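These protein sequences, in sequence, are chains A and B.
Each residue of the first sequence is one higher than the one before, starting from 1 at the first, in the working numbering.
Each residue of the second sequence is one higher than the one before, starting from 1 at the first, in the working numbering.
Hints are computed from structural coordinates only; laboratory data are not their basis.
Predicted model, so just to flag it, every value in this text is computed and none were measured.
One or more hints might be untrue.
Each pair may be met inside one copy or between any two copies, as identical chains are not told apart.
Taking lysine-lysine and the DSBU-like style, the derived pairs with C-alpha atoms no more than 30 Å apart in a straight line are [unchecked claim]:
(1) Lys240 - Lys256
(2) Lys113 - Lys256
(3) Lys286 - Lys219
(4) Lys107 - Lys162
(5) Lys281 - Lys107
(6) Lys107 - Lys286
(7) Lys204 - Lys240
(8) Lys271 - Lys252
(9) Lys256 - Lys219
(10) Lys113 - Lys165
(11) Lys256 - Lys58
(12) Lys204 - Lys278
Protein chains: 2
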Amino acid sequence: MNNLLIFGVGLIGGSIALESQKKQMFNQVIGVQREGGTSLSSFVSNGMIDRISEDLNKDIKQADFIVIATPVAQIENILKIIAPSLSQRTIVIDVGSTKSNIMHFAKKELKEKFSQFVGCHPIAGSEQHGPSAAKINLFKNRDIILTPENETDPNKLELTSKFWKDLGGIIKTMRPLEHDQIFSTISHIPHLIAYNMVNLIAGKSNTDTLLKFAASGFKDFSRIAGSSPEVWKDISLANKVAILNDLDLFVKEINKTALLIKNEDYIALEKYFDVASKIRKNWSEKN
Amino acid sequence: MNNLLIFGVGLIGGSIALESQKKQMFNQVIGVQREGGTSLSSFVSNGMIDRISEDLNKDIKQADFIVIATPVAQIENILKIIAPSLSQRTIVIDVGSTKSNIMHFAKKELKEKFSQFVGCHPIAGSEQHGPSAAKINLFKNRDIILTPENETDPNKLELTSKFWKDLGGIIKTMRPLEHDQIFSTISHIPHLIAYNMVNLIAGKSNTDTLLKFAASGFKDFSRIAGSSPEVWKDISLANKVAILNDLDLFVKEINKTALLIKNEDYIALEKYFDVASKIRKNWSEKN
Numbered sequence: 001m002n003n004l005l006i007f008g009v010g011l012i013g014g015s016i017a018l019e020s021q022k023k024q025m026f027n028q029v030i031g032v033q034r035e036g037g038t039s040l041s042s043f044v045s046n047g048m049i050d051r052i053s054e055d056l057n058k059d060i061k062q063a064d065f066i067v068i069a070t071p072v073a074q075i076e077n078i079l080k081i082i083a084p085s086l087s088q089r090t091i092v093i094d095v096g097s098t099k100s101n102i103m104h105f106a107k108k109e110l111k112e113k114f115s116q117f118v119g120c121h122p123i124a125g126s127e128q129h130g131p132s133a134a135k136i137n138l139f140k141n142r143d144i145i146l147t148p149e150n151e152t153d154p155n156k157l158e159l160t161s162k163f164w165k166d167l168g169g170i171i172k173t174m175r176p177l178e179h180d181q182i183f184s185t186i187s188h189i190p191h192l193i194a195y196n197m198v199n200l201i202a203g204k205s206n207t208d209t210l211l212k213f214a215a216s217g218f219k220d221f222s223r224i225a226g227s228s229p230e231v232w233k234d235i236s237l238a239n240k241v242a243i244l245n246d247l248d249l250f251v252k253e254i255n256k257t258a259l260l261i262k263n264e265d266y267i268a269l270e271k272y273f274d275v276a277s278k279i280r281k282n283w284s285e286k287n
Numbered sequence: 001m002n003n004l005l006i007f008g009v010g011l012i013g014g015s016i017a018l019e020s021q022k023k024q025m026f027n028q029v030i031g032v033q034r035e036g037g038t039s040l041s042s043f044v045s046n047g048m049i050d051r052i053s054e055d056l057n058k059d060i061k062q063a064d065f066i067v068i069a070t071p072v073a074q075i076e077n078i079l080k081i082i083a084p085s086l087s088q089r090t091i092v093i094d095v096g097s098t099k100s101n102i103m104h105f106a107k108k109e110l111k112e113k114f115s116q117f118v119g120c121h122p123i124a125g126s127e128q129h130g131p132s133a134a135k136i137n138l139f140k141n142r143d144i145i146l147t148p149e150n151e152t153d154p155n156k157l158e159l160t161s162k163f164w165k166d167l168g169g170i171i172k173t174m175r176p177l178e179h180d181q182i183f184s185t186i187s188h189i190p191h192l193i194a195y196n197m198v199n200l201i202a203g204k205s206n207t208d209t210l211l212k213f214a215a216s217g218f219k220d221f222s223r224i225a226g227s228s229p230e231v232w233k234d235i236s237l238a239n240k241v242a243i244l245n246d247l248d249l250f251v252k253e254i255n256k257t258a259l260l261i262k263n264e265d266y267i268a269l270e271k272y273f274d275v276a277s278k279i280r281k282n283w284s285e286k287n
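Hey, can you work out the whole structure from these sequences and the hints?
Structure (structure tokens):
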């Protein structure tokens, strides 16, 4: 294909640029400069992208493949911007961590061109963000979840699969709602809980002492609390229903534990921990 | 000193044995076999300990230094066992993750010999446990918290400091209650929450699918859920007051987050995440 146009040259968008340049998947990789975002000029100099888009409508029209890799909250607006100029051959994908809302926006904004859109979620996050965090091999052997709908053009779906396989990923397909429920539980909730953990410490009068004695358990546990507040604010709102349901279940787990401790029910408490410990050990042997 | 007697030859007790053998700190390192515990005979063969205690009362009487490194719930009973045979010169330490309750037990069981006891907490845990997890350098540059009381013999406190420094540790001193409140927040709560997280997944109908897609965020977050259920059941009960208080504060943090999401208050939500993100990043630069 000729032209790859990337909105959001950050960790994911930048890594797509790097990898597709290395593998010469496109003749030209073009980045869209975000107003107020990190300047992309140094990433032209170092070859991550070939150029920064100057005539956006023209670049949209001429693009073979458009990647929207911005924070989730900006995707709707970008779909609105690209819709009028979108050529029939062009494939549009996103890489957002939520899918139901994005599929809904795409249907609403792209209308009859919705068949050209393929919702994607590469499972290759990091608490690092921004274009300097981009790297080669980010997608190697990582799951890439595609959430096609009935209207999705089979040929464009096929080319999207090929695009991700060329980048090193492994394709999985599921319905948008199923995706959102799964990722609420295994990704969004851990992030929120990590923020909660750090803010529990921040709310105490002896925060500095607490942080001084925080050891490796806290280190691993709270790593994801270094993640981008903007990204996670967007995800929290975009996957509101599943997240609120899971937070409610999480509070129930905490209350269950607190009750066992209060009642000094040491047999049930050890059993409760044992279930988790066995699952985690079994999981880590396979991962 | 001549004889080191270790109750609980596990991660901590075994590492003390290994390191003190390497540095020739004692003439003899003796392990106490726990009924139903991992057999220690192979750890005599490999030189971690010199021998297994056969006449426990005699070994207690002849010990210069006794380390109690069993799970917290067994410490009271061990203090009861050693009290009658304890010679005046002998120093007794524990390595438990809670201190108020242990200082209380020591006072009750050792009575006039309580001055010979020094409460210790080496900050050198791991989700690994048992004698096979023991290793050289476990205490190198790690904080070792001592919680002496007014009655503690200054000479024995000094020798205990020297013992830990010889093992590579850095001595910190604090009151038992202060210790327990600090470690509830930065260690005990993260462990409980990690168990909660895994059990949230265990309670769902699609546990296998969820675990299949769990990525690096979940990996780090849940690592400590692989920790010993027995140890953490003991700690939860031993530090009940501080832990119940912190769990209550944690639920408040979750409810605060849930309310911001429900109200779609994206400004306050991003600010809430930003506080945590800044603290975590600042901490990780120093640690």
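Taking 30 Å as the upper bound on the Cα-Cα distance, should Lys204 and Lys240 be classified as within, between, both, or neither?
Intra 29 Å, inter 19 Å, cutoff 30 Å: intra and inter.
Give the relationship of Lys107 and Lys286 under a CA distance limit of 30 Å: within one copy only, between copies only, both, or neither.
neither (38 Å within a copy, 47 Å between copies)
At most 30 Å between alpha carbons: which applies to Lys240 and Lys256, within, between, both or neither?
Cα proximity of Lys240 and Lys256: in one copy and across copies (24 Å, 14 Å).
Intra- versus inter-subunit Cα pairing at 30 Å for Lys107 with Lys162
within (23 Å within a copy, 70 Å between copies)
Is it within a copy, between copies, both, or neither that the alpha carbon of Lys286 lies no farther than 30 Å from that of Lys219?
So Lys286 and Lys219 pass the 30 Å test inside a copy (23 Å) and across (12 Å) alike.
Homo-oligomer pair classification [Lys165, Lys113; C-alpha up to 30 Å]:
within (24 Å within a copy, 70 Å between copies)
Within, between, both or neither: how does the pair Lys281, Lys107 come out at a Cα-Cα threshold of 30 Å?
neither (42 Å within a copy, 39 Å between copies)
Same-copy or cross-copy closeness of Lys256 to Lys58 [CA-CA at most 30 Å]
neither (58 Å within a copy, 46 Å between copies)
At most 30 Å between CA atoms: does that hold for Lys271 and Lys252 within a copy, between copies, both, or neither?
Classified as both: same-chain Cα gap 17 Å, cross-chain 26 Å, threshold 30 Å.
For the identical chains here, do Lys113 and Lys256 meet the 30 Å Cα criterion within one copy, between copies, both, or neither?
Classified as neither: same-chain Cα gap 50 Å, cross-chain 41 Å, threshold 30 Å.
Reference check for the pair Lys204 and Lys278, CA-CA at most 30 Å: within, between, both, or neither?
Between copies only: 16 Å across chains, 33 Å inside a chain, cut-off 30 Å.
Treating 30 Å as the Cα threshold, decide for Lys256 and Lys219: within, between, both or neither.
Both: 26 Å inside a chain and 24 Å across chains, each within 30 Å.
Going down the numbered hints, you'll see the structure goes against 2, 5, 6, 11, while the others check out.
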